[in-house]
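Residue numbers (the UniProt record's numbering): 1 to 258.
No lab work stands behind these hints: they were computed from the structure.
Accuracy of the hints is not assured; some may be wrong.
Stated by the list, open to error - Cβ pair distances, simulated, as ranges: (1) Ala-13 / Ala-187: 45 to 55 Å; (2) Arg-12 / His-244: 55 to 65 Å; (3) Pro-58 / His-244: 54 to 64 Å; (4) Leu-154 / Arg-16: 26 to 36 Å; (5) Ala-50 / Pro-237: 19 to 29 Å; (6) His-244 / Gln-170: 22 to 32 Å; (7) Ala-80 / His-244: 34 to 44 Å; (8) Thr-24 / Asp-129: 21 to 31 Å; (9) Ala-80 / Ala-15: 26 to 36 Å; (10) Gly-49 / Gln-145: 19 to 29 Å; (11) Thr-59 / Thr-155: 31 to 41 Å; (12) Arg-33 / Thr-102: 41 to 51 Å; (13) Ala-15 / Thr-59: 37 to 47 Å; (14) Pro-231 / Ala-187: 26 to 36 Å.
Given the structure is predicted, the values throughout are model-derived calculations rather than measurements.
Yeah, the Cβ is synthetic: ideal placement off N, Cα and C, and Gly gets one too.
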Amino acid sequence: MTARDATEPAVRADARRNRALILTAAQRALAERGAGVSLVEVARRAGVGAGTVHRHFPTKNALLEAVVQERVDRLAAAAAEHLTDPDPGAAFFALCTHVIVTTPGHKDLCDLVQSDDGWPRALLRGAGDRFHRALGALLVAARRQGAVRADVTLTDVLDIFTGCVAIQRQRPVGAPVAPAVALVLDALRPPTSVVTELAEVDRDETGASSESPASCPVCHAPVRRPAVGRPARYCSPACRQKAHRLRNSAKPPRLRRA
Numbered sequence: 001m002t003a004r005d006a007t008e009p010a011v012r013a014d015a016r017r018n019r020a021l022i023l024t025a026a027q028r029a030l031a032e033r034g035a036g037v038s039l040v041e042v043a044r045r046a047g048v049g050a051g052t053v054h055r056h057f058p059t060k061n062a063l064l065e066a067v068v069q070e071r072v073d074r075l076a077a078a079a080a081e082h083l084t085d086p087d088p089g090a091a092f093f094a095l096c097t098h099v100i101v102t103t104p105g106h107k108d109l110c111d112l113v114q115s116d117d118g119w120p121r122a123l124l125r126g127a128g129d130r131f132h133r134a135l136g137a138l139l140v141a142a143r144r145q146g147a148v149r150a151d152v153t154l155t156d157v158l159d160i161f162t163g164c165v166a167i168q169r170q171r172p173v174g175a176p177v178a179p180a181v182a183l184v185l186d187a188l189r190p191p192t193s194v195v196t197e198l199a200e201v202d203r204d205e206t207g208a209s210s211e212s213p214a215s216c217p218v219c220h221a222p223v224r225r226p227a228v229g230r231p232a233r234y235c236s237p238a239c240r241q242k243a244h245r246l247r248n249s250a251k252p253p254r255l256r257r258a
């Protein structure tokens, strides 16, 4: 083995590391400064030279496309991982919530993807296709389980993402799912599924369980475990009140005495 052969793997590893550093820095810079951030600023944040950035991404559009592709690839991987979940319904709603809550922080990237300025999007199309296939398979499994209405299609879900992201964008980045978004997601469920899930929570509250559920049965946002007191069953007072209204609406009306 020559000295050149020995150093090539190290060079390739170093190049991969630099590319990952650049993409991470670009994601943070775009989230903080918007699409107007310069490649020089990205290089500074990544701790590499401007020439290194240009070697990996000759143009700013190439860098933006790579950032978006990585974001969509992560969503596709998350959707694919959820396919092995024993509860596809819960996995489907958890993925929907994750997409809606995390996407508003990428507003400028979303606007660039939706624009029609002619820059290449072959990588994005491939990543998007992978995400759609995994999401579609998870939707089919959730429908088969009875957790999602039988008439809901993949196109419906993607349209709901667009609308719900616009709603969620009015809240601070990283905030829990907006109540209006929770209402829209609940509309994907069969009419009786929400009430059944709430009834299970009621049984837990009157039983011996001492742990909070992993997610809110109303909006499927994470439930924080309190340091003291009874375990929390809902992510917020608003969801607790909504659960109370749903349970009351499911009760048969009382007959009035003649």
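Status of each hint after checking the structure:
1. Separated by about 49 Å at the C-beta atoms, Ala-13 and Ala-187 satisfy the suggested range of 45 to 55 Å.
2. A hinted range of 55 to 65 Å holds for the C-beta pair Arg-12 and His-244, which are about 59 Å apart.
3. For Pro-58 and His-244, the Cβ-Cβ distance of about 58 Å falls inside the hinted range of 54 to 64 Å, so the restraint holds.
4. Hint check: Leu-154 to Arg-16, Cβ distance near 34 Å, so the stated range 26 to 36 Å holds.
5. In this structure, Ala-50 and Pro-237 break the distance hint of 19 to 29 Å, their C-beta atoms being roughly 51 Å apart.
6. About 26 Å separates the C-beta atoms of His-244 and Gln-170, a value consistent with the hinted range of 22 to 32 Å.
7. At roughly 37 Å, the beta-carbon separation of Ala-80 and His-244 lies within the given 34 to 44 Å, and the hint holds.
8. Under the hint 21 to 31 Å, the C-beta atoms of Thr-24 and Asp-129, about 25 Å apart, fit the expected range.
9. Evaluation of the 26 to 36 Å hint for Ala-80 and Ala-15 yields a pass: the beta carbon distance comes to about 27 Å.
10. The given range of 19 to 29 Å is broken by Gly-49 and Gln-145, whose C-beta atoms sit roughly 52 Å from each other.
11. Checked against the hint of 31 to 41 Å, the pair Thr-59 and Thr-155 passes, with Cβ atoms roughly 33 Å apart.
12. At roughly 19 Å, the beta carbons of Arg-33 and Thr-102 sit outside the given window of 41 to 51 Å.
13. At about 18 Å, the CB distance of Ala-15 to Thr-59 disagrees with the hint of 37 to 47 Å.
14. Here the CB-CB span from Pro-231 to Ala-187 is close to 28 Å, well matched to the stated 26 to 36 Å.
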